[in-house]
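Enquirer: Please arrange chain B with the ligands on chain A, whose structure you already have, making use of the hints.
Heads up: the sequence lines are chains A and B, in that order.
So in the numbering used here, spot 48 of the first sequence is number 48, and the numbers just go up one at a time.
So in the numbering used here, spot 188 of the second sequence is number 188, and the numbers just go up one at a time.
These are calculated hints, taken from the structure and not from any lab test.
Predicted, not measured: the structure shown is a model, and the values here were computed from it.
Think of the CB as a built atom: it goes at the ideal place given N, C-alpha and C, for glycine as much as any other residue.
Fair warning: there could be bad hints in the mix.
Distance condition first, Cα-Cα at most 20 Å in a straight line; then the derived DMTMM-like pairs of lysine to aspartate or glutamate [claimed, not checked]:
1) Lys53(A) with Glu209(B)
2) Lys219(B) with Glu193(B)
3) Lys320(B) with Glu208(B)
4) Lys320(B) with Glu66(A)
5) Lys219(B) with Asp67(B)
6) Lys59(A) with Asp22(A)
7) Lys199(A) with Glu178(A)
8) Lys320(B) with Glu127(A)
9) Lys199(A) with Glu174(A)
10) Lys320(B) with Glu129(A)
11) Lys118(B) with Glu209(B)
12) Lys53(A) with Glu66(A)
13) Lys53(A) with Glu206(B)
14) Lys219(B) with Glu206(B)
15) Lys59(A) with Glu130(A)
16) Lys219(B) with Glu209(B)
17) Lys53(A) with Glu193(B)
18) Lys21(A) with Asp9(A)
If you want the ones that stay clear, here's a sample from chain A, every Cβ over 10 Å from chain B, calculated [stated by the list, open to error]:
19) Gly56
20) Ser73
21) Leu93
22) Glu100
23) Leu101
24) Ala106
25) Leu118
26) Ile131
27) Glu175
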Amino acid sequence: MSFLFRCEDIGKTYGGVVALKDVSIGLESGQVHGLIGPNGAGKSTFIDVVSGKTPGLGKVFFEDREITGIGPSAMRRMGISRSFQRTSIFPALTVRDQLELASHGAGGGHTGELVEMLGLGAVLETEAEEISYGQQRLVDLALALVGNPRVLLLDEPAAGLSSQESAAMAVHLEEIAERWNVAVLLVEHDMDVVFRVCKVLTVLASGRFLVQGAPADLRNNPAVIEAYFGSTA
Amino acid sequence: MANPSMTHSFRDSPVLRPSGLIVLALVAALVAIMTMTGSRITLSLFAQAAIISIMALSVGFLARTADLISFGHAAPFGLGAYGTALIFRHGIPAELGILLVLLAVFALFFVMGLVVGKLNGIAFSMLTLALGQFFFVAVSKLRAITSGADGMNVSVPSSLFGLPGRTFQTPDGMLVIASVVLAALVIAIYLFEATRTGRLAMGVRENEERVLFLGYRTKLLKAAVLATSATIAGVSGVLFALYQGFVSPEIMHWSFSGNALIMAILGGSLAVWGPVAGALVFFFLREWLSDLTEHWHSVLGAILIAVTVAWPGGVTALAKVVRARLTGRKQGEAGK
Ligand SMILES: Nc1ncnc2c1ncn2[C@@H]1O[C@H](COP(=O)(O)OP(=O)(O)O)[C@@H](O)[C@H]1O
Ligand SMILES: [Mg+2]
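Just chain A, same shape as in the assembly (with noise of 0.2 Å):
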């Protein structure tokens, strides 16, 4: 089996701390794959060294091709785009001028679809400090969805969102990965959610792989249970 964006030995310490250790992932087209694990379990972390943001350790490919460290624009040109979990968006700009400046930096590609499946089209000439955090968060959204990328580093997306949105989002993240074959890799905590639409789960703990499989055969893990849902179960 090929995957289409593949990452190895992923790794990361703070100071002396170990916030990741040997984390390696394989996305596969047209499939939404769940990055689940507690609070500090690493899962931004993964996802903040692999596409750039914060140096690390290990490898990174796309399509058989190691593009470790070529940095987040070249990552974002070859199609390879992400969101924050800590809304990254430009406050002063309307919603429509970062959507076009998302549009023309990943090489044009249109916005209005986008526009109408996030529901952003009421918001479209407001600055987007001046609009709600839930719509915040979808504009940080949709300018990882900006152009077709064929890779999608999804940090709790529906972060803020009312249940029902979140869920919503879920259906339209699936559908998208299907659509325009995608693959996603997307960090989600509501477990109704990722056990929806995700094909596959990775579980980390305490900055550790613990296990990796489709969702049916990990709701009854007793190692997943423990790490997960032990405060709570």
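Expert: Relative to the frame of chain A, chain B with the ligands by itself:
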């Protein structure tokens, strides 16, 4: 289906809206009336204020576009002024020479922008301060070229850019010339902000990291913004040299950089024209205060502190509040 077009054009630029055009016409009329009725002293003050406004505009442009605070813009100003004096002395064709001087300023600061591209905030400000002082010391010490502290005369040629050279040295002539240059630069900046590159520059200021994650490279753009700002300061220096007919190291002193920065802060960066308003307020406040007291600098400093504390957005913030009040009242009346 709603598929709003994502294209923009200059039509969106505030400067081309009726209100922008009316302001421009008013300013032009004001300058015209002044040249016909103003005394020589008044005209000279306004001519100097217009030249200094261009300097403030350059500092404000950098702050607004790149969020960078320069403590060293006396350097490009001084390079423009000294460059002009030097090309005239060495008999280089004047128009070409001035163009070369400005090009050299652009190139120098473009390279500097590439080198220090990663610096921002205090680090950038400190570096500009140091660089400014370097040029100040350089023009003071390089006596063979610049005559050091004695300064240099600027022998304006008999004809320059199709105008008699003298026009650049008379108060009414320079008032008109500097006002036209100033207006052209303000309009150019407004138009630039309406372009895709202009919005990219705003994006970089707002959130450079995300701009990188959208597939852009930002290094060249940032260097170009710094170089453009420095070149505008250079233009101001050229006009200064032409008008005064004399340049000396004081114009490269850090305190002049500081004054330009104060003007930009007084004006605020909510609008392109902010620094121009700030420069006018600063300039005439200083004239007025220095008549009243020799401690004008302390009084001005106190006023500045009061303004920045009570009213951080400067003149442009006030304008925004006033406009909101005005349009609010209009809407209220329309609702009746
Ligand atoms: N900038 C940072 N400096 C120091 N430690 C960090 C930093 N970012 C994350 N960490 C640590 O790395 C670990 C993993 O964090 P993170 O990747 O954000 O977890 P998750 O996204 O799974 O909640 C945590 O222990 C966190 O405290
Ligand atoms: Mg996280």
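Enquirer: Out of the numbered hints, which ones does the structure contradict?
Expert: 3, 4, 15, 17, 20, 21, 22, 23 and 24
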